[in-house]
Every structure is written in C-alpha cells, then in structure tokens.
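Asker: One letter stands for each residue in the lines below.
4 protein chains.
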Amino acid sequence: MRNKNRETAILLISCDDQPGLVAEVSYFVSTYKGNIVSSDQHNDSSGAFFMRVQWDMADFTIPAEKIGAAFEPIAEKYNMDWKLKFSHIQPRIAIMVSKYDHALFELLQRNKSGELPGEIVHIVGNHKDTESIAEYFDIPFSHIPITKATKAEMEKKEMDLFDSLEVDLIILARYMQILSADFVDHYPQKIINIHHSFLPAFIGAKPYHQAFERGVKIIGATSHYVTSDLDQGPIIAQGITHISHRDSVEDLIRKGRALEKNVLARGVELHLNHQVLVFGNKTVVFD
Amino acid sequence: MRNKNRETAILLISCDDQPGLVAEVSYFVSTYKGNIVSSDQHNDSSGAFFMRVQWDMADFTIPAEKIGAAFEPIAEKYNMDWKLKFSHIQPRIAIMVSKYDHALFELLQRNKSGELPGEIVHIVGNHKDTESIAEYFDIPFSHIPITKATKAEMEKKEMDLFDSLEVDLIILARYMQILSADFVDHYPQKIINIHHSFLPAFIGAKPYHQAFERGVKIIGATSHYVTSDLDQGPIIAQGITHISHRDSVEDLIRKGRALEKNVLARGVELHLNHQVLVFGNKTVVFD
Amino acid sequence: MRNKNRETAILLISCDDQPGLVAEVSYFVSTYKGNIVSSDQHNDSSGAFFMRVQWDMADFTIPAEKIGAAFEPIAEKYNMDWKLKFSHIQPRIAIMVSKYDHALFELLQRNKSGELPGEIVHIVGNHKDTESIAEYFDIPFSHIPITKATKAEMEKKEMDLFDSLEVDLIILARYMQILSADFVDHYPQKIINIHHSFLPAFIGAKPYHQAFERGVKIIGATSHYVTSDLDQGPIIAQGITHISHRDSVEDLIRKGRALEKNVLARGVELHLNHQVLVFGNKTVVFD
Amino acid sequence: MRNKNRETAILLISCDDQPGLVAEVSYFVSTYKGNIVSSDQHNDSSGAFFMRVQWDMADFTIPAEKIGAAFEPIAEKYNMDWKLKFSHIQPRIAIMVSKYDHALFELLQRNKSGELPGEIVHIVGNHKDTESIAEYFDIPFSHIPITKATKAEMEKKEMDLFDSLEVDLIILARYMQILSADFVDHYPQKIINIHHSFLPAFIGAKPYHQAFERGVKIIGATSHYVTSDLDQGPIIAQGITHISHRDSVEDLIRKGRALEKNVLARGVELHLNHQVLVFGNKTVVFD
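Protein chains in written order, with my numbering: chain A, 1 to 287; chain B, 1001 to 1287; chain C, 2001 to 2287; chain D, 3001 to 3287.
Simulated from the structure, these hints should not be mistaken for laboratory data. A couple of the hints might just be wrong.
Each computed PhoX-like pair below joins lysine-lysine, with the alpha-carbon atoms no more than 20 Å apart [claimed, not checked]:
| hint | chain 1 | residue 1 | chain 2 | residue 2 |
| --- | --- | --- | --- | --- |
| 1 | B | 1077 | C | 2033 |
| 2 | C | 2112 | A | 99 |
| 3 | B | 1128 | D | 3112 |
| 4 | C | 2112 | A | 128 |
If you anchor each label on the Cβ, the simulated ranges turn out as follows [as the list claims (entries may be wrong)]:
| hint | chain 1 | residue 1 | chain 2 | residue 2 | range |
| --- | --- | --- | --- | --- | --- |
| 5 | C | 2230 | A | 81 | 42 to 48 Å |
| 6 | C | 2281 | D | 3203 | 45 to 51 Å |
| 7 | B | 1189 | A | 248 | 21 to 27 Å |
| 8 | C | 2045 | B | 1149 | 54 to 60 Å |
| 9 | B | 1092 | D | 3143 | 55 to 61 Å |
| 10 | B | 1149 | A | 249 | 45 to 51 Å |
| 11 | D | 3064 | B | 1149 | 49 to 55 Å |
| 12 | A | 209 | C | 2069 | 54 to 60 Å |
| 13 | A | 151 | B | 1149 | 55 to 61 Å |
| 14 | B | 1135 | D | 3142 | 21 to 27 Å |
| 15 | C | 2209 | A | 81 | 38 to 44 Å |
| 16 | A | 232 | B | 1185 | 25 to 31 Å |
| 17 | B | 1127 | A | 151 | 33 to 39 Å |
| 18 | D | 3242 | B | 1048 | 26 to 32 Å |
Here are some chain D residues pointing at chain A (derived, C-beta under 10 Å) [to be verified]:
| hint | residue |
| --- | --- |
| 19 | 3016 |
| 20 | 3018 |
| 21 | 3019 |
| 22 | 3029 |
| 23 | 3036 |
| 24 | 3042 |
| 25 | 3056 |
| 26 | 3057 |
| 27 | 3278 |
| 28 | 3279 |
| 29 | 3280 |
Note that the structure is a prediction, hence the values are computed from the model and not measured. Even glycine gets a Cβ: it sits at the ideal position worked out from N, Cα and C.
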C-alpha cells in the first residue's frame, strides 16, 4: 500500500473463515502474473475472515475492467463480500465545514502536497467563513446555511449536489450540524467525522467542557464513520494529548485543534488508501 | 521537589485568590532563612488559589514541630486550608490486592529501589495468591477474604488494622472489591485506585471487554482517589496505549497490565511527594 | 500564563541561587498591587536560579514603562539577568522558507486563528513557491534566492530588511539554507529552527534518509534556537512518531511533516509566550 | 499470531522478491489442511521479500517433524532463507544481569504470569545482588564476576553453561559488561540488549548523563540484537518518555527505568513470538 508510483489493484474481502482462502486469493493473483506488493489478513474471534491484497498491475494479464468478472467465481465459492479498487483512480471527495478552518486547511494542504490522495471536488459550508480558503485552493464552494425549518430541504440540496458530483467520500471537517438519518443512510461508510473527544467518553456537545469538568489528564479525538447513532459509528483512528490543571476550557479547545486535524487526516488517509474494512460497528485497519 | 537528599518542608495551600498571597508565603519562608527549592501556584478560573512551596530545612531557624504555629497567623489572615509535610518523614502505606500480582510487584520493586518513597507497612489480600511476594519483600501480609455476608465485618477488621498501623495511604493494586461508603469516608483522599480504562470511558466492571466491544483504537488506565461514587473520584494520572483490530480481549488485558502498573505507580509517586491538591472532584498536580 | 485576555506583565530572571529571591520578587509585585497569575522557578543543580513571574496589570500602580526602573535595585542587589515582557505587546515575526509549505501554513493558520500570538510582518523565500500563500494571508513576501556567490550579499539584504522591520523573532520554517555565523550572531536567541530528527541523532542533511538506513522504529523532530554550531543550539521542544519496516524514506518524509510543523509551532508558541529561558546550551521551559 | 491456545506452526521466509511467492506458500499450507491464522509479508525497496505465515496445526496432515522436508522443494525453487517454529515449543532463555534488578523483575514477572513465553533456565549475574530474586522465582543463578584479567575465561564459562543448557536466547537485562566479539559471534541474533537511550543518540556509556548535558526534552530506550559493533545492532523496539529542565540526572535514571524494562520486554516478546526477521542491520517486525 506504500508503493504509490506503481499502478496497483487492491482487493478487499470479508467472509466466514474457511481453510484455503489466502491460498486461493493469492493463487488467483499470481496465475495472472500479478506481483503481490502487500497482503494482510485478519481472523476475528467470531469466525469472520478479512483480507486485503494489493498487486502490481504492470504485468497483470487481465485488464482492470475485467478483473471483477474473473474473480467472481472465487467470491461465490466462499460467499465473500468484496470490493476491488485501483490506486490510480482518484476518489472524489466533498468536505462539509462550519466556521472552524483548521481541519479544512489541514486536509487541503495535505491533498495539495500529495500526502492525501483523491480529488476534492466541492466544499459545502453552512457559514461563509471558509469561502476564501476554498478559493485559494481553487475548489468550488457552496454556502448552504441550515435552520431547523430548512434542514430537510437543504440536506436534499446537498445530496443532489454530491450525487451529481459522484462523490465517493464526504468529510465532516468540524461540521457543527447533526445530519439526518436519511442523509447518513444515503452514504453508508462514506461519511467520516472527527469528534473532539476520546470516544466513547464525552459523546455529544461540548466535549472539551465535559473533559474540563471531569478533570481528566488526557484529551482525545476520534475519526469515525458516521451512522445514524450520534458519535457511535465505527472508529477508524484515535489520538490523544496530555493536559494539566493549568489548562482552561479555552486551552483544551486550542490544544485539541492540532489533535483533531491530525486524527481526521489520519482516518481519511486510511480510508482513501483502502486500508479500512467495516464489520458490525468496528473496523479492521490494515496499516 | 526533586532534591531528595536534602531535608525539605512542603507547604500546600488552598484558599480564595487574593493579591499578596505568593509574596506573603515566600516572605515567611525567607524570613526564617529557608531557601525555596520549588514553588508553584495555580489560579483556578473559579477564583480559587493553590500553592505548593518547598524549602530546604538546613538553615531554617524554626524547628519542624513549631513551623505550624508560626504559620498559623498567615493562614488565618487569608482563610487558608493548608498542610505541612516533610520530605524526610516516610508516609506509612498499606496495599490491598486480590489475585493479580503485576501492580503489587511494581510498587514493591520501586519502593525497594528507592524510586517510590514511603514505608509499606502491610499488604492485605482477599486471596492468598500474593502472600509469597509479601514474604520475599519482607512485608507483613494478612489474608482477609470477603463475602457478601462478611463484608461489613471484614472491612471493620481492615480499618482496625490500618488505624492501628497509622496508615497514611491505602493503595488498591487491582483490588477487585468495591469498598463500602463507610470504609471510603474513613480515609478521605487517602485511598488511591487504578481503574483499567481511560475514565470516564468504561466505568465499572470489565472495561477491557467494553473497549473491545466498542472497537476503540486506544486503551487507557486511570489512577484516582477513591470516593463513594464508583470510578468517579478525582483523577491523578492517566496513560494510554495503542491497540488494533488484531488484539483480542486477552491481548487488551495483557497490554493493559504494563499500563496499569505504571499509571498507578505514577499516581502514587505524585501523592507521596505531596504534589497533589484535591479541589472538588478534580486535582491540581504540581509536577 | 494562560489568561490571555488580561493584560499581564512577565518578568524573567536568571541569577545565582540565594535565599530570599522568590520572596523579594513576589513582594515587589504585591507591593504595587499586582496580582500574580503565574509564578514558577527552577534551581539548577549547578547553583543557578531561574524565575518567571506573571501578574495582572489591571490594578498595578506602576505604569508599564516605569516598571523596569522600579525593579532595577532588586536586580542589582542579586546580580540578576532579567527581561520584562508584556502579554499585550505583539512580538514582530519574520518567517524564512524554501519550497516546502506545510510548516509555513501551520504557523500562518495558527496565528490567524489566534492560537499563536504575534504579528507576522514578513516572509522571505529563497524560492517563489510559497508566494501565493503569503498573498492569501496578506503578508509581504520577498523572494531572496541564495547562491554560494551571493550568500553574503543576500544575508546582508535580509538583515537590513529584518532590522528595518524591528523583527523580534525569525522562524526557519524548513528553510533549507545554512545561515552564516554573522547572521546567527546578529540574532542571539531570536532564531528558531525545526530540525527533522530527534536531536542529537541524525544531525545535518537528510535525517530521514539516515533514520531509514539505521532502521529506527521512531522518528522525531526538534525545535531549537539557532547558534553557529549546526543543529547544536538549545532545544525548546521535541516530538516523535512511530514508524515500521513498511515505511520507505518517502513515508518518513510524509509522516515527518505533521510532526515537524507541530513541534515547530509548539516551540514558537513557548517562545512567544515568554516561557523559555536559555542558559548555556540548554533551556528552562516554564509550561 | 495471537491465538495462543492453539498449536500453530510459524514459517519465516526471506528471499529475492519474485511473482508467485505468497501464492505458493499459502497453497502449500492449505494443501495439507492448515488453516492460516496470520499471514504477513513485506517487499523491501531493495527487492527483498519477507514473509511470516502462521497456521493452525489441529487438522494439518503433515506431522511437525516432517514439515521441513515437505517444504524444502519450494524453498529451493525460490532460493529462500527460512525457519520453521512452533508456538507450543518453549524457547529456552538465559538472562545476564549486574546490580540493577528492575529489568530482571519485569521479565520474571511477565514470564511467570504467562505474558512472556519461554522457559527461563538460568540467570547469570556478575554481581550477587539479584541472587535472591532468582531464588524467589525458582531459577538457577550463577555468580560469574568479570575482571579484565578473567574476562576471556569467564566468557568461556558462560558459553559452556549456555551451550549445555541449549539456550535459544540470551537477554542482557542491564548487564553492564561489554561482551567480546567471540561471545557475540557465537550467538548470532540470539542476544537481546536494552540500551538506555534513543539510539543512535547517546551511544556508549552514561547515556542519561549525555542526555542531561545536551538538554533534550525526551529520553528513550532501545532493545536491539547485539552485534560486535557496540550499540549498533538491529533495532527491535524503541520507546520514549518526556522530561523537562526540572529533571536531574538522577531523575532521568529513575524515569528511564520504567522505560527500559518495558521496551526490553516488548523486544523480547516480539522475538519469542517469532515476529522478527533480521536483514542486514535492520529488522522486519511483523506485529
């Protein structure tokens, strides 16, 4: 997953554990002259099997668009859920943001410098504060304010926009609105949020205030897939920073910023490199 | 607070913030020829003031037993809560333990090597598993098993024991019993527990199982003073370690051990060096 | 030191340790009705004494410009080196940069959001790559390319520029040139660099290549004051990140970026909040 | 690699990268009804290939002692270096120690509690200080003091002892002697040391003193295989802890202890679980 200059194919598999799975998949790749550059697997204690295999397409004898059909019989034999991805196909990304700009800046700067793959095709703000940043990075920006009364309508507008743009991933970069279940269900495992606490501690609003009240000595941030249960979706990445009694709520907010943006960028990077498999409410992260 | 070979006095103060506090206290020390080796203070946003000042006793002109009386007028003037401690007076420590021996070993080995001050005067186990360890370190051990029926009686026995030993601190080194409110109230800010989670996440029983179920990417441990609210007491120290989907519950338990014992030892060390002040349900830790 | 909305004065002192120092300084502050909001000190094992005291100017009876003269007799009595700073006076900052933009972005974004104090008055690039960023943040930019032949002349030009702008701090945000001793000596303790290794490991060029060759499992970054000895100046802050055999040199460079910019911002923040005292080749950091 | 209750076989392979390697190895395992519980590989940028595959022996149709012969043709075809290990065969371990007991205690306590696999068959001390610990854990102890004059003779005695005990791994648990090249060469990749610095910083004697002098803000520890170049062997694991100007050399020594013992135990655990492959002067760690 690190050989970024090569064109590679990535196969992500989940199914019930059975003997012969690794052999059958790797044999498939090598039969058609694919050199495996990365292969990882996981056997869950519940009997589930997960695999990620990545191979160089340079000498692979099946063209990209026909690999799926060629693999189908193996997938059926083992009753696999599977996805096939290619490193040279750039995922299309939308970012939703409110007033805070630190997480947005981080994503844009990393994307521009090539650290973060993908094409950021649109930024939606429920405030106008970040419009000039979008301009600087030359990314279309829509100002879509939300009120209780307009929420359903505005979400519809956002979904139409994202669907017309064929968006693969929606990143909530400190987007301060709770998305409706309709919206969330429309993009399963395609919305990544950053929550500014070490989940499951301090779910919901104002986690830094909650952390200050409790007197913890460490604060955290969590990037996770959004589900219709608030702050309960599958966790991708977490990070922490140490604090002390000297830190006011404002200090926590300030210190938390660096944490939030780095943990969000980490979660997004793992997703975009096709290193994450979701099962139930948890993730397998092949890193 | 680090000059361990010198005899030093440590004054811990809390009161309402008022101008002149630092000056008055440091002037008191210097008037009697005490050289301040460490001085720290904290102004809480609520208007509370906390101070810790430590000075060399070598040339101090008031003998240890008379310092309190000499300081009393200043304390009254500012309506201070205050404590006076001396680095050369070894606190008397009791340890309560069940079957796990890792946290106990850590405390005993650190104490023996001089890392952890104090005199460990007794170990109480509700199982006999750790008796030979106590023997090896030459510390009296009492086996006091607890059942629902005998709990009140046994706790009475423990309190009598600890009171007769004039114990200053009780450490719960993975002691798997919940202490009664009577017991806890008898030793305010004198019982330190290690909880094997990143509080306030995963309160109560089996936190590693809870962490596994939630699919977190980091686990933690918390050392805190025990109050009658389970796992809700003032936090002294916290630590974390990274985990992955590969880790089973058993792996979390194993990885958590190193974390637990180190975070407990850290909390105990801070307490024994008189670096912790409790206010409400939080701590000021002067480190 | 965290009460950013109040106007405060900060006094930084170093001298030989003597009894009465803390008392005398805090008495001075309280005599003129200054409420101490933060006070910290350090006694080095070599007999040196360091102190940082910060007080609220709201009720202080000496106006800011006369405090120095009022304190002078105490300073002379104890033969102190001392500096007086004010939280409401914004330090004037210049940034030097080459082609990499991640550290520059970090500093500008934190400064704009109020996390990092000071006024960034100029950016100098020896390449033009970051000019548009300067424009976006509305900060004057000079393109001053350096060759062996022009180095002395160009450094003269930079010094003239910085002096005319009355710059208090020069930040090397991954500036890929070695500054001459003349330049460095002109700004003692006023130039902060980020070195992309865990100093003193991997001094000099290409530290990530060196780290890769050695097969380390952790990489680091170090922010330090620049002296005429390359990468040998007093260290202000350090940070690390874990790596594995999977990481190529390119991965180290990529992972190092987040580390570099955060450790640089941390070092700069400590300096700008007047929390750093240099002694010999080391720092006292009052945090 | 975590399913410790199952009997598993572990195959470790290094060779030149060639298409079909993963397929061929996994096919071999599945042909004989081995269910793969863990499989990991690494392609070095230099063209080297590394693989670790672990399978359940429960239904495997080749008995343990005949697997090698069955795998030999594949190994020859690809010109592999390979090792076959079994999770139920306990490695035989010797520990060498001087006066410090913290690292020794950690290893013994973890081994006793089942965290660390293997059988500790002997402890050699060049001082007698730790003899009673060996007794407590019921492990034979030899006191073998070393002087310049007796070094060759004593090392011969140690080698005879370890060879007669068929030792698989020698752990230097803060053993304060430099081993001769003869000794080291006799146990290639079979001696693990803990160096109390963040290598390659502070090689050689008194690293904490060196760290104090340099004024670093983080200290480290490194577990590595011993080679005849002092502190230059392949690194297995590293860890760090934050320090400040307040920490004296004695504080670094004290804080370093917890670090040393945990990083040593981590390196030993990885080795004993057959998760480490050495190539050149670096390691591949499959964790």
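Asker: Work down the list of hints and note, for each, if the structure agrees.
Answerer: Okay, the hints, checked on the actual structure:
Only pairs whose Cα atoms come within 20 Å are accepted, and residue 1077 of chain B paired with residue 2033 of chain C is accepted, the gap being roughly 18 Å. A hinted pair counts as satisfied when its Cα atoms are at most 20 Å apart, and residue 2112 of chain C with residue 99 of chain A qualifies at roughly 13 Å. Pair hint residue 1128 of chain B plus residue 3112 of chain D holds up; C-alpha atoms about 17 Å apart against a cutoff of 20 Å. The hinted pair formed by residue 2112 of chain C and residue 128 of chain A meets the criterion: a straight-line CA distance of about 17 Å does not exceed 20 Å.
Separation of residue 2230 of chain C from residue 81 of chain A is about 55 Å and departs from the stated range, judged on CB atoms against 42 to 48 Å. In this structure the hint that residue 2281 of chain C and residue 3203 of chain D lie 45 to 51 Å apart at CB is violated, the actual value being about 20 Å. For the pair residue 1189 of chain B and residue 248 of chain A, the supplied restraint of 21 to 27 Å holds, since their beta-carbon distance comes to about 24 Å. Take residue 2045 of chain C and residue 1149 of chain B: their Cβ atoms lie about 58 Å apart, and the range 54 to 60 Å holds.
Between residue 1092 of chain B and residue 3143 of chain D the CB atoms are about 36 Å apart, so this pair departs from the stated range of 55 to 61 Å. Between residue 1149 of chain B and residue 249 of chain A the CB atoms are about 48 Å apart, so this pair conforms to the stated range of 45 to 51 Å. Checked against the hint of 49 to 55 Å, the pair residue 3064 of chain D and residue 1149 of chain B passes, with Cβ atoms roughly 52 Å apart. For the pair residue 209 of chain A and residue 2069 of chain C, the supplied restraint of 54 to 60 Å is violated, since their beta-carbon distance comes to about 44 Å.
Between residue 151 of chain A and residue 1149 of chain B the Cβ separation comes to about 58 Å, which falls inside the hinted range of 55 to 61 Å. Roughly 24 Å separates the CB atoms of residue 1135 of chain B and residue 3142 of chain D, a value that falls within the hinted 21 to 27 Å. Between residue 2209 of chain C and residue 81 of chain A, the C-beta spacing of about 41 Å keeps the proposed range 38 to 44 Å intact. For residue 232 of chain A paired with residue 1185 of chain B, a C-beta distance near 37 Å fails the hint of 25 to 31 Å.
Hint check: residue 1127 of chain B to residue 151 of chain A, Cβ distance near 58 Å, so the stated range 33 to 39 Å is violated. Our hint of 26 to 32 Å for residue 3242 of chain D and residue 1048 of chain B holds, since their Cβ atoms are close to 28 Å apart. For residue 3016 of chain D, the interface hint is violated, since its Cβ never comes within 10 Å of a Cβ in chain A; the closest pair sits about 12 Å apart. Look at residue 3018 of chain D: its Cβ gets to within about 8 Å of chain A, closer than 10 Å, so that hint holds up.
With a least beta-carbon distance of about 5 Å to chain A, the hint placing residue 3019 of chain D at the interface is held under the 10 Å criterion. For the restraint placing residue 3029 of chain D at the interface with chain A, the shortest Cβ-Cβ distance is roughly 7 Å, inside the 10 Å limit, so the hint holds. The beta carbon of residue 3036 of chain D comes within 5 Å of a beta carbon in chain A, closer than 10 Å, and the hint placing it at the interface holds. With a least beta-carbon distance of about 8 Å to chain A, the hint placing residue 3042 of chain D at the interface is held under the 10 Å criterion.
Nearest Cβ of chain A to the Cβ of residue 3056 of chain D: about 9 Å, under the 10 Å cut. The hint holds. Because the smallest distance between the Cβ of residue 3057 of chain D and any Cβ of chain A comes to about 13 Å, over 10 Å, the interface hint for this residue is violated. Using the Cβ-Cβ criterion of 10 Å, the hint placing residue 3278 of chain D at the interface with chain A is not satisfied: the shortest such distance is roughly 21 Å. Hint status for residue 3279 of chain D relative to chain A: violated, with the closest Cβ pair at about 17 Å, above 10 Å.
About 19 Å separates the beta-carbon of residue 3280 of chain D from the nearest beta-carbon of chain A, more than 10 Å, and the hint is not met.
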